[in-house]
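K.L.:
Here are the chains, one letter per residue:
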Amino acid sequence: MNITLVLAGAGIAAAGGLAALVVADRPRWASRLGGCSAAIGCGMALIPVIGVLAGDRITSFSMPWPVPFGSFTIGLDTLSAFFLLPILLLCGLAAVYGTEYLQTYAGRKPLGPAWFMFGLLVGSMVLLVIARNAVLFLVAWEVMSLSSFFLVTFEHERAEVRRAGWTYLVATHLGTSCLLAAFVLLSTGSESMHFAALAGADRAATVRDGAVFILVLIGFGTKAGFMPFHVWLPEAHPAAPSHVSAIMSGVMIKTGLYGLLRVLTFLGPPPAWWGCVLIGIGLVSGILGVLFALAQTDLKRVLAYSSVENVGIIAMALGIGLLGVSLGSTPMAVLGFGGGLLHVLNHACFKGLLFLGAGAVAHGTGTRNVELLGGLLKRMPWSGWTFLVGSVAICGLPPLNGFVSELLVYLGALQGARSIDPAYVLLPVGVLAGLALIGGLALACFTRAFGIAFLGESRSESAAHAHECGWRMRAPMLILAACCVALSLLAPMVFGVLTPAIARVSGLPEPQVRAAMTGPQSWLFTVAISSLVLLALATGLVMLGRRLLSKRPVTTTVTWGCGYARPTARMQYTASSFAQPLTACFRLFLGTRESLSPPDGYFPASASLATRTEDVCRERLYSPVFRGLAWLLAKLRWLQHGRVQIYVLYIAFTLLALLIWKLG
Amino acid sequence: MPIAGWCQPVLGLLAAPLLLGIINRVKALFAGRQGPPLIQPYRDLYKLLGKGATYSKTTTLVFRLAPAAGLACVVLALTLLPLGASRAVLAFPGDLVLLIYLLGLVRFLTVIGALDTGSSFEGMGASREVQFSALAEPVLLLVMAGLARQGDSLSLSGIYPAVTAATWMEAGPALALIAAALLVVLLAENSRIPVDDPNTHLELTMIHEVMVLDYSGPDLAAILYGASLKLWVFGSLLVGVCVPVRTGWAIVDVPAFLAGMLVVAVLVGVVESIMARLRLLRVPQLLIGAGAMAMLALVLVVR
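For the record, the sequence lines run as chains A and B.
Counting from 44, one number per residue, gives the positions in the first sequence under the working numbering.
Counting from 1252, one number per residue, gives the positions in the second sequence under the working numbering.
Chain A extracted, bound-state conformation (with noise of 0.2 Å):
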């Protein structure tokens, strides 16, 4: 019954897309029926998942389909469920908030066709988490990536919006190609593409298993945004509506981690190299990412850098886990895949909180640029404490949730780094390392992110007349904010529903993995308090300053400026000088670009100086590689000359060819 119910949800978020198709020439309707019915759907199916991940029996439904070695299989376990929540709870928000944020574009664009793609990313995120059928999972998957595809493309009048979609769309079928071998190979020796079927084939074909791995890592990580398959994601996220960003930032780069995990189960015992590779990605993902995010000034491309950043994170949790998993340590594999996949989880909440946020400033002031910011927390309140509680959470700090998550992966890698081989202790210290350095430049990224764009005074004639959103705008992000607060007092409780996924995905039994789960829910339990206490002591103290001040004497005047008379808001801080230190620091990585005139002679008239950061991996990696596929395959041009009689030429030599391979 209640598996009825999710794909149910899923069908109205699709019809009601469908409908607003019909009713495209009347935007304000087309944005009432997809979003509500988004909206309605993904509600409807939160109840079922809820259930499940609440020891609800586990369902499966399965149906004949005509499409050869397909079946239409679906179930929802606890993997499956515990992903599906990010994905309900952030979609179902993001289409009410969508309403709202579209009907700027609404004389301009036709909506419908927006809200038709938004319904099918939608529906076709839940069927992929619930199929159990290889290629009702590949179908689910190429929807999922096209309809984004289109979103990502939904201001295509614009050259760098249209090279971004480019962009993603080669990337993502690249990927997608990698899974289709990837299938392929797990399903030799046995004739169906079940799920069910793949897991039970022969266990001891390591080479095989390997092979899988690598090619899954490559297919799910150019969705999932590891480095350096990320080049398409700081494009097309920042390109896309912003409760699109949201969605695809949140929770579309965690279908390729729930992917990856899926197929986990399915092959043999981990070797170590995978958690050792794994680690490395995640370290490089995760230290790169926030450095680069570090280095931009468009507030959605500072975003999606950061969720390179956090999927790094994640994967450096599940490397944890694997690696625990093949070295015999419980302890280690459960903190590593529960830290991972609480932080799937996190993250979709305060990235989706943060782009959403990112949206309202867009809606607010026209500019996404941040040098172009500053002040707006008097004129966008909502928006701006929303992003501040975002920004907190996102830097892994207490009491908000992406401490209890980072915790969980110390936890993980210090009980590596206390108690195993030495000859692979060099890993867990690392992810210590990285991630204490990532941490620290997490708080640069997001203090700047925040500071400059919604502190100090306005940089721009737009932020001082910015405004604040309205009510289906700014609902969405004070439930996520709410959420941030909740997921970490509730932190115990979640973590403990993931038992069976965390058996299922690291193969332990059961009973194992709860005894080895009983010490770190005490030890969140005792975060949580700590969290309480530390709030109710802020509060205290909060108080008593208000209380000592209320009857002295309160005066307001200027900002000092160390005896300078007539101070513009030009003169602070900028994002980018802000930030300098720090990319100085690393330019290494970075490859920063300076063109700098500096002011000359006695009068100088004009100077200037120009940053920028390009990706890396694009500019030196995919770059010339795909320039010197270009040139080669131009070679082939001659072949390409429009005359038909040639062309019939090469038909009858090809026909004439086959004749011969055939009687030969």
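Since the hints were made in silico from the structure, they are not lab data.
These figures come from a predicted structure and were not determined experimentally.
Heads up, a few of these hints could be off.
[Said to hold, decoys possible] As a list, the in silico DSSO-like pairs of lysine-lysine whose alpha-carbon atoms are at most 27 Å apart:
#	chain 1	residue 1	chain 2	residue 2
1	B	LYS1298	B	LYS1308
2	B	LYS1302	A	LYS594
3	A	LYS594	B	LYS1298
4	B	LYS1298	B	LYS1278
5	B	LYS1308	A	LYS421
6	A	LYS594	B	LYS1308
Following the hints, complete the assembly by docking chain B onto the known chain A.
P.N.:
Then chain B, alone, in the frame of chain A:
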């Protein structure tokens, strides 16, 4: 929960400003001056608590909330620290991460408070603060990883009681390296020379002091008191390694610990008197050097 665990936070809350008094006195002695009385920091705090406040027109509620919230974080951090052989008030595996991240939250609040004024001075200080702390944090984690492996525990209250005189005999070089790395982190995180100079408020080279330029009255008191508590936190992390007195009797352990804190304060004062501040570009190198020491210590412990 043992009563002994409360010694640490109570002592910290009472005696932390005294550390600043001692440091200033040592600096005065080196300079051939008499120096302010040891209890001068307390007098300053009392004076500030009795004053009104002045706020900038540019600032928002963020600026007014940050000092008190930051103080709350440091106070909570105090309850995570063990003293001698006794457990801390709040002790659980992973409390060392909570400690480091609580100090991170203090930094977050100070930095956004500074950016809230819109002053370019404070932006500059904030920018430097986040840079140096981002580099100091991995060092601290590596130090903790080494100690965790040495003490075979994931909790500060398990790690520190395990550092005894016998451990020093056994793994002396590793502990010495750890102590050296901790000292560098202490100087960097508490804005002391050679990273930052707490005396000159108004130079372009300042970090912490310049971030709090616009605070006044009780807010400034909260910031100064919080800074002294932070010095106490780092001091006790260092003393815990260097003074391995773990008898379990408070009457021996507490005086030994306090003597250790006195030595740390004097040491900071001496460093501040005989060294010049490093150029800002050199600071990352100092911190990376500390990281290398911590890494080497870890290798020695693992071996």
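K.L.:
Would the hint linking LYS594 of chain A and LYS1308 of chain B be met if the CA-CA limit is 27 Å?
P.N.:
With a Cα-Cα distance of about 20 Å, the restraint between LYS594 of chain A and LYS1308 of chain B holds, given a limit of 27 Å.
K.L.:
Hinted pair, alpha-carbon criterion (27 Å max): LYS1302 of chain B, LYS594 of chain A. Please report holds or violated.
P.N.:
Holds, at roughly 10 Å.
K.L.:
Checking one constraint from the list: CA of LYS594 of chain A to CA of LYS1298 of chain B, max 27 Å. Satisfied?
P.N.:
holds, 16 Å
K.L.:
Next pair to validate is LYS1298 of chain B with LYS1308 of chain B; report whether the Cα-Cα distance is within 27 Å.
P.N.:
holds, 25 Å
K.L.:
Can the restraint linking LYS1308 of chain B and LYS421 of chain A be considered satisfied, given a maximum Cα separation of 27 Å?
P.N.:
holds, 11 Å
K.L.:
So if I understand the rule, the pair passes when the alpha-carbon distance is 27 Å or less; does LYS1298 of chain B with LYS1278 of chain B pass?
P.N.:
Holds, at about 23 Å.
In the structure shown, no violation is registered for any of the earlier numbered hints.
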